[in-house]
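Chemist: Once you have looked at the hints, place chain Y on chain W.
Given next are the chains, with one letter for each unit.
2 protein chains.
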Amino acid sequence: MKNTTSTQVMQQQIAKVIGKHVYGNLNGIEMKSLTDLNALTKLVVDSAKAGNLHILELITKKFSDVNGIPGGISVIALIEESHIALHTWPESLYATLDIYSCGANTYPDIAFKYIVSKLNPKKVKSWSADRGN
Amino acid sequence: MKNTTSTQVMQQQIAKVIGKHVYGNLNGIEMKSLTDLNALTKLVVDSAKAGNLHILELITKKFSDVNGIPGGISVIALIEESHIALHTWPESLYATLDIYSCGANTYPDIAFKYIVSKLNPKKVKSWSADRGN
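Top to bottom, those sequences are chains W and Y.
Residue numbers for the first sequence, in this note's numbering: 12 to 144.
Residue numbers for the second sequence, in this note's numbering: 12 to 144.
Pulled out of the complex, with its shape left as it was, chain W reads as follows:
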């Protein structure tokens, strides 16, 4: 009984973390949708609003052109609830997207679908992972 009680106390002390991570690989996107840093940044900002996620800080990067093909873009958001990361490869008409949020009242799946609907890929592979404790 003593061990059981100790375990119960331990479980009470460890706060539950709810973590939901939705991510995917998006193939067959029009090149012009993958090269505009401002438009992709706005897309991430708008997706956060859609998913009830709160951006604290953004990092953006436009990579150099290669052989006349526009370079890729990365947009990463530190959000109060964890992070959003969008990376693009215009030369491959390809992007990947991660939306990972903690808290019961966040909707990473809605934020994910929002971005997918705007990028309009021909093919999407997506997964979700439980990032809770």
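FYI, nobody ran anything at the bench for these hints, they're computed from the structure.
Treat the hints with caution; some may be incorrect.
Identical copies carry no separate label here, and so any pair may be met within one copy or between two of them.
Said to hold, decoys possible - The calculated BS3-like cross-link candidates involving lysine-lysine, where the alpha carbons are at most 25 angstroms apart (straight line), are:
no. : residue 1 : residue 2
1   : Lys-60    : Lys-73
2   : Lys-27    : Lys-43
3   : Lys-60    : Lys-72
4   : Lys-53    : Lys-27
Given the structure is predicted, the values throughout are model-derived calculations rather than measurements.
Modeler: Frame of chain W, contents of chain Y only:
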């Protein structure tokens, strides 16, 4: 035959993206290992070196204390090859880690193991995902 040839041409035009994502949920970490912003930032920087990943920019955040328990930390790195994200929940003795890198000569699994070895969790659940096209 015409269709086959068209497909072959299409495949030649689309550059191959190699993307490797290793991520995990780390339970049972000593609280003091989860609260030191400078130490956790150094850990991410050192893990990047271990995995041949190149940091372009870092975002760090220390969240507010709650009821006398130190707040969590987020360290997110935009790397040339994609991103690293470490989030901690001291109140739950818990952290999550994502290392996602592109390119044949990157070793996200080594970077992942480096951080895990330093945080020394009692329990690790980890996964890997193919983020290539």
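Chemist: All hints are to be evaluated individually against the structure, with a verdict given for each.
Modeler: Against the structure, the hints come out as follows:
no.: 1; hint: Lys-60 x Lys-73; result: both (24 angstroms within a copy, 23 angstroms between copies)
no.: 2; hint: Lys-27 x Lys-43; result: between (43 angstroms within a copy, 19 angstroms between copies)
no.: 3; hint: Lys-60 x Lys-72; result: both (22 angstroms within a copy, 20 angstroms between copies)
no.: 4; hint: Lys-53 x Lys-27; result: neither (33 angstroms within a copy, 27 angstroms between copies)
Violated hints amount to a single one, hint 4; each of the other numbered hints is respected by the structure.
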